[in-house]
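Could you fit the two chains together into a complex? Lean on the hints.
Sequences listed follow chains A and B, in order.
Residues 1 to 379, numbered by our numbering, are exactly what the first sequence covers, in order.
Residues 1 to 392, numbered by our numbering, are exactly what the second sequence covers, in order.
Check the hints yourself; a few may be wrong.
As the list claims (entries may be wrong) - Label pairs and their in silico Cβ distance ranges:
no., chain 1, residue 1, chain 2, residue 2, range
1, A, 35, B, 339, 50 to 58 angstroms
2, B, 277, A, 310, 17 to 25 angstroms
3, A, 228, B, 12, 46 to 54 angstroms
4, B, 27, A, 8, 37 to 45 angstroms
5, A, 191, B, 277, 40 to 48 angstroms
What the hints assert, rightly or not - Far from chain B, some chain A residues (derived; all Cβ distances over 12 angstroms):
no., residue
6, 53
7, 111
8, 273
9, 284
10, 300
11, 344
Hint data in this document are derived by calculation from the structure and do not stem from the laboratory.
Where a beta carbon is used, it is the ideal one built from N, C-alpha and C, also for glycine.
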Amino acid sequence: MALILTEEQTMMRDSARAFLADKAPVAHLRKLRDSRDTAGFSRELWKAFAAMGFCGILVPEAQGGSGLGHVEAGIIMAEIGRNLTPSPFLSTALVGATALLRDGNAARNRELLPKLAAGDLLLTLAVDERAKHAPAATALTAERSGNGFKLSGDKCFVVDGHVADLFIVAARSAGVPGEREGVTLFLVDARAQGVAVERTVMVDAHNAARIRFDGVAVDADAVLGEVDRGWPLLEAALNVGRAALAAELAGLGEEAFGRTLSYLKARKQFGRPIGSFQALQHRAARVFVELEITQAAVLKALQTLDADFERAAAFVAVAKARAGTSATLAVQEAVQLHGGIGMTDEFDIGLFMKRARVAQELFGDHGFHADRLARLQNY
Amino acid sequence: MPDLEQFRRETRAWLDANCPPDMRQPVVADEDRCWGGRKATFKSEGQRLWLERMVARGWTVPEWPQQYGGAGLSREEAGILRAEMRRRGCRSPLDSFGIWMLAPVLFKYGSEAQRHEHLPPIARGEIRWCQGYSEPNSGSDLASLATRAEDKGDHFLVNGQKIWTSYADKADWIFCLVRTDTAAPKHLGISFILFDMTTPGVATKPILLISGKSPFCETFFDNVRVPKRNLVGDVNKGWEIAKYLLAHERETVSSVGLPAGRPLGQIAADTLGSQDGVLADAGLRADIARFEIDAIAFQLALERSGDLLKAGQASPAVSSMVKFYSAELNQRRHELLMAAGGSAALEWEGERSRGGERARNWLRSKGNSIEGGTNEVQLNVIAKRILDLPDA
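Isolated chain B, as found in the complex (with noise of 0.2 angstroms):
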């Protein structure tokens, strides 16, 4: 198609003028990554460029409409703007819940005048938004949340705690699962609120892991004032609104959790040597070469998915099937990983390991298999939506 190719030549020419040369970089440390919001620091003039450039053009949000900040390109448009995006190794301007998450929510459940509040100030990166779902009671068993929010009229008034909030402290807004109802059966009293993180009675504890660093917090609420129309969806209807996000949740987490590159056998040759093109270590070049098969034949399932779901002939819990995989062997890597570095992964601050870069992020990649539901849950999906196995 001619206007596509037109497309594809305006794209490149655009991106190749206005990206800056530090945002074609890979990134490496988390501060690389562009969250936005009202606490927004900017690791380089760069970064801020390249966001102010994007949001300019609604490609931070490129397949959304016009009027909530996209850019309303078809999918064979924002097809060719990620393709050409990749070639050139450039950044995502803006990483975001409220993209991943939020937004398919409000597109799917919200009003109208909730779409126009809260989607153009997301895809300009203005306000960053956390998710309020796990509590200290209610992990895998989400549907047992306790966070009261009582009618109180004109208002709901919450009170309760959640954790694992993922940036609660960096963040502007938080979209909540709270109890509407405490007679009604647990999946059937939820309901699914938006409210801002400065309101009087809102308060957020980082929490140390065991990699030493703090992306989740705590977070209380004391008597919160939440106004009724930040209700989404109908009122005790949430529990639905959670289910189709924590679907998105779970292919959000796996995409992010295979990184592309260099084959692992190749960096372990840095640390280990190799005679004749073979890795010095046998046994750890056989693990390796173990994973590299599995994280190809991974890779070719993501996209035979994603055929099977063009072609209209998805299977019912692929996304658990994803979650579950990617997880598994984002894992093995950071163990291999590890391996391959020997004593050298195992430093924890200098320069020499880059503040314990590897060593944290082996540490990170723990949590893999329990955020966003855990493997063993993952694995009832399956075993209950796909194989259709009996109940206890």
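So here's chain A without its partners, still in its complex pose (with noise of 0.2 angstroms):
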């Protein structure tokens, strides 16, 4: 398969470009932010992701959705990084979609999926316990009670977690934390008795929680794919994760870097244009080409999802590791590049250094992904 875009693709690229340049700019965070906005989001944009398909871009069309690929959610991950967009889009739509899409129980998924694709229902992964991401080290307990499982332990990072309606919650039914084996997959009514919330106020302006689950009951029909072999599931919905932060990755960072290059061809010192001297110049080209071998490992990332899922890991892994690193230098660049305006609040700039800050953390960063691949390449 070719490594670029389709016509189609191509077209679709450009309304998404248009959709959010028009209704979610950077202002529309930045009004979100300033507001103290209880949800973190806007609720009239979702149902408007909703009319665009943007929802249930994962479904397929028999279950209300748009039927479209991981290159489609790549490119709208891709506009919602120019713009940084706050929507539940990742945590719902990609994520969330992802762990039903693959569990593929036939019930729940006619009843959840319509809702979902119509911007009626948020879904969130709740994965991480500790600062640093490492799925293997689940501890959070699932005991076997009656007919099905109690659930203790605490959850952190967890995108949207204030306003889902359901969490899929990774869980230690068996063995001990570090492997892989024994996790199991909840799907928990936010609601349920014994879970607290904590909204946690992100560098990003964008929205995480803390969990709390003490004693959480559940039925044995809660669980998403198989008890104690949830693994396969968590590494899905986390890989389509990935690859969808590193696609934002890589739309922040073209952004950022646009809007540096536009400031260094305007500035002027010296008497002359900023982007003359030789020295900025340079930087500015190693920023490009950067940018522009990550955009072929993201691409290439998100062709595997669709054509070979199974085998995308590694891919994965290069695109998430590569788009946080690249990313984090166009911001660092561009903030530097823009010399004491790009250290105040009131210009956009900033705002991009925070987001790819958290961006490239979540579901791992550099070195988790690093490590990754040193597995997977043996050493």
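Right, dumping it as structure tokens:
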């Protein structure tokens, strides 16, 4: 498959680009942040996402979705990245939907997926329990109890955790933390007895929460995937999330770089544009090269998720790691090359730096994915 | 397409029957490459046979027209041939600056007579070419070159000096940039000429590099007579050809930059050992994985730039980008190999280190960011041609 967008995908990108630039530019995030919006995203915008077919992008048309692939999902993520748009698209439409779709419980999906695609249901994956992403370290306990399980433990960095209707909770039903075996995924109602949610206000003004599960009772049919063998399903959902974040970071990096380039051409010191100085030209050229190379890695990961899902892990690791480092470089250079104005809250470029930091941390940073690749390459 | 399938079957059968076993081993040392030419020496009978058989089929230059020594294959057929060779690990039968660099110039700028004179001997590996570009005072500022070619009616009289001439001491002919107008602005007084290295007045002197090897020479011209018919294109229009060729050279340098094969981490494990399948040195392991991430991404970027080109959306200075990044990657790779090898990698002579192979290759890689346009020049090109940043 050619490593470029098809004609249809290019058209879709153009329409997503126009839509997000119009409905949710950076000013949209700024307004939510400054008004201390309690939801942290716009429900009106989410309804517009549903009307565009974004909420159900991965959901088959028979269940009210758009029936599109990961490349298309990545196209939307890249535009979200350009505009720093906060929305439950990642948590619900991509990670959450993937868990439901690949679990494949027909009755449950008949009920949930149409709601999800309509923008009427928010769900999110609760996986991390410590400051660094480490899914195998899952320790939250799932104890057998009657016909079902009781969940006890803490989760953190749960994206959209304080607005979600349902959680997909990674729990330890057997074995010890560090083992992949013994992890089970549960679908848990956010209003269930024993659930305590604390919204954590983050540096990037995007949603996250800490969640405590205190003996939360769930039925056996709350299990997603297989008991004790939830790892492949967890990995599937995470890999879709990681590739999506890579796409977001690629879009974010390009936008931050584009703004920097414009500034280099417009800003004058010593009687000439600062972009005429070779020291700055070389820095800009390096950022450009890094971002270009990342584009290829991200598209490859997304295409592989569509064409050969089970074999996408290495490409996803490469894409997430690369997108994290190149976007980090782009925003760091952006702030430096903007000089003093780049340090002000009023100017947008700092918002790009903040979001890049969070997105590269979420679902595994560069070091996490470098370790993954090393294991996949047997060293 | 049934025709292509038949071509694939025939190609497979021919390669299986005709590629000698030792020509299916990976290239390790310089001598494993066959460069042809009047002074050619073959490392083995297999190497000689392989060249002879491939020449007979026109497969040293499969896409060239038959009248120039090629096989006239379509792009698809040549692609199949390359893929089947790759699958069998077949070596290139002939490495050649004539094929990679001069031929594209002759196809675009040469006369029919020049193509007929020079292309068939290149295809057959009979004439080995070198490139006379850089001069002691003209490196990154190549257009300032000073080697003079005076118009003497029926011939040019060439005087001057070139440097960093790859394999000049082994080459039979040179393609050379010379100044034919000293009064014109520097880019407008340069011509592109060809001449035999055995012409009286030509002398070469190998340059010993930090790697202990001498792939480059100083080349001196003292009243060298070059027939007028050996001028390629118009007089004083040589810079256009030079630029065209430099873009080609960047791609060639890049395409040899990154060896495929075992991941670096596994090579490192040979010396460092591993525990439960994890490389013993955690710091080096992380550095290696970071390198592999960038190397995989770079390969994908190459693939993507090819696809963009086919779709007519090529980026203007992609060759500069490729040249720049492949040099950085290859240098990182060699630094990591040295770190993984520890003191064993520092041995310079003797069997154990195969004559200091790892250290010599490491030192050789330092030239990657200098030859064919320095990395700083590539960044200049990107800044100006892609990013459209203003001149100083």
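Checklist entry - Hints broken by the structure, by number, lowest first? => result Result: hints 8, 9, 10 break, sorted rising.
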